[in-house]
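Chains as they are written, first to last, in my numbering: chain D, 1 to 445; chain E, 1 to 236.
Since the hints were made in silico from the structure, they are not lab data. What you were told as hints is all true, and nothing was included just to trick you.
Capping the alpha-carbon separation at 20 Å, the derived lysine to aspartate or glutamate pairs in EDC-like fashion look like this:
| no. | chain 1 | residue 1 | chain 2 | residue 2 |
| --- | --- | --- | --- | --- |
| 1 | D | K68 | D | E85 |
| 2 | E | K75 | D | D152 |
| 3 | E | K74 | E | E35 |
| 4 | D | K81 | E | E25 |
| 5 | E | K224 | D | D195 |
| 6 | D | K192 | E | E170 |
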Amino acid sequence: MSPKIPLTTPRASATFDDYTLSEIRRAASTGIYDIRGGGAKRRVPHFDDLLFLGASISRYPLEGYREKCSTNVTLGTRFAKKPIELKIPITIAGMSFGALSANAKEALGRGASIAGTSTTTGDGGMTPEERGQSKTLVYQYLPSRYGMNPDDLRKADAIEVVVGQGAKPGGGGMLLGQKISDRVAEMRNLPKGIDQRSACRHPDWTGPDDLEIKILELREITNWEKPIYIKVGGTRPYYDVALAVKAGADVIVLDGMQGGTAATQEVFIEHVGLPTLACIRPAVQSLQDLGMHRKVQLIVSGGIRNGADVAKALALGADAVSIGIAALAALGDNDPALEAEYEKLGTRAGCYDDWHEGRDPAGITTQDPELAKRLDPVRAGRRLANFLKVMTLEVQTIARAAGHNNIHNLEPEDLCALTIEAAAMARVPLAGTSWIPGVNGSGGL
Amino acid sequence: MQQLIGDLMRTFDLAQSPLRELNEELHRQTDGSNEAHWEVLNPRGGHAIAVGIDAPIKVDVRGSVGYYCAGMNKKATVTVHGSAGPGVAENMMSGKVVIKGDASQYAGATGRGGLLVIEGNASSRCGISMKGIDIVVKGNIGHMSAFMAQSGHLVVLGDAGDALGDSIYEAKLFVRGKVKSLGADCIEKEMRPEHHEALAKLLAGAGITDAKASEFRRYGSARKLYNFNIDNADAY
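Just chain E, with the same shape it has in the complex:
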């Protein structure tokens, strides 16, 4: 069941209509869409909600979602007013995804662009294999986060779990709290002016006003595993 609310906002109730119809409607939206604001009711932990959008629309999901919400998002702003299951915003290309609650494993996995904001905590493997996405987590993140992270930024206002940035490539990690341990080839790096500047922009983009760039430490690749060397075999 879909109903028109005002001129622009449409409400879609997943208790009344199937997921297929929701995604089909969202895929119909284009750059000039006049249905620019969508509200999704009763997500009830469902999977693959609002995936594959390719338009600058706004989607508010009123409740918690299951796997892969906003997967491969382009241009859209998707806000989950609840928590998100595994793989939220996986392979996001652009746009913005905001999780008001916590996020499960692999948040922002392989993301190539856009901004993912998690206002609660993120579980393990946050930002795994990230390829250009920016991720800002207000709480803590779990183990093996930014594993094989290629590019983009991961900003954590809380603490990071074990093996942060294992086998990292060129992604930049900023953590305000404690890091339980760093993974293979991940080291702490100097915060230079350009990093302060980039971090300040990311914090502003995520709407964070109570944290200063100067409170963070930066982590990145030691680049020692970029070319195979048998004497580094114990690091693999």
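Next comes chain D alone, as it looks inside the complex:
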């Protein structure tokens, strides 16, 4: 009898990990790339890699709850006759009726209005539910032009020309047949049940020179009243921001790769675009170089989850932020209370991202009338308002602790970074040093 040979412990490959192998099997079985909703799930340098320094002897703080700390922001001061006044600098990002149920859109409008901020339409036009419940509504002008018409354009409080988004910069929209209900089909002039892929480029302009003329047209149609936003995905923020300014934007929306989408290819979401953290400083630098910082407002989105993230984005130079995935979570998306139903869909609460399939047990990313009924727009709107208020209090808490009576006075000097990567991207010193990689060569104090 031969002596027993000790076995090595089974070793999984770091390269071919469980998820990677499961994707190979899925692709081999179906012949279709993986489509999902949401933003990048991989770990990238983010706001968690930054810390606020707080006040001490060299700075003195403001009294929490007692000394005033302003949060309001005005957007669209450059050209628009009627700029938007918001009580808080946290807006709701564009999400389409089609991707979301009518109840979910209404809930977003209600929540935003209670909290004193704006919400945004999406790639499917404006619904009466949404307009009716949104005190301030931004109307997206997208390549597909689904539902676009001058009446709704005039009903909007601002117009957002969407050039790209962080989840898929360079990509167009996608709404699969399961969600093209009668009402969605009618609003988009499409046959019911088809897989709808909307264009990645606008049909009637290419490049910044054309965009300038397109903006002129939109302003002329709306009598120069409404702020014009330009939304770009995070790719080349320094140059894209400069070109947006040149094209005549009042406001620039800059969306990093953690920003969500209703549906696109997984390979797109995870492998194209810049992390939000890497976008902000080049964008702000671009505005500063043009003498337009604070004159053209910058809204940053992509992975904003709490007041700390908001405070950090503002400190890096943003005028406001926008939330999408966090807003859906506040409405009730991915709630563990629905765990049993998520399991039936082959996933878990917190991981559910097959929004394109329209089987959302929370009733948010669906056009199924029975599922959609599960979301009470009044209650869900209240939850969103609560969340927005908590975030705002959190930003104020940090701003007061850093000695600021206005959250927009937060600045890069208030921050340090925990990693060299984050220090380089945010252009703030590595914690405990004065070293900003790429900016100065000093590793000392």
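Since the structure of chain D is provided, determine the placement of chain E on it from the hints.
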């Protein structure tokens, strides 16, 4: 400078007054307007002329225009006595736009209703993403016309360039001349009596008397790309 000519016609000279004033005046017009006829002088290739009108008025532009003339038009009849730059009558909702000369790229893009008549030629991407508009071109049209066209009609008395109707949905295309090539999922279809009838109406609406519906061929969607199939991937 604006002057009253007769009871109804007003003349607006863009060499004298800015575009903003013109569009503002045109936006003031409503259904019952007694200023029902406008003449615009010296457009000089300017952009965004007569955009966003929402009244059944008549506007004659005496000369050539730049981008987006008559954009998002509702109810008005806008005639350009010259040529038009890119995106003429883009996203038109209703009414009628007539271009006496040629039109540049994206004529009638995303239009949702009304009639666009181009008496000369139209460049590439004519009727791109059209959503219900009717477009009649007396001359030829360029490549990628009716790209992703969703609904409405595109009538071409001359020839069509490459990739006509690429990724087309339910728009109907009628071409009298040659089609250089058809785009993905666009095929020739049978001209049935209802198509002859619809086409005859469109020709009449455009004031065309020297072309018969029977001289046209019809093109539309093969509907093979409506739902994704990996075996059609080479068509994308």
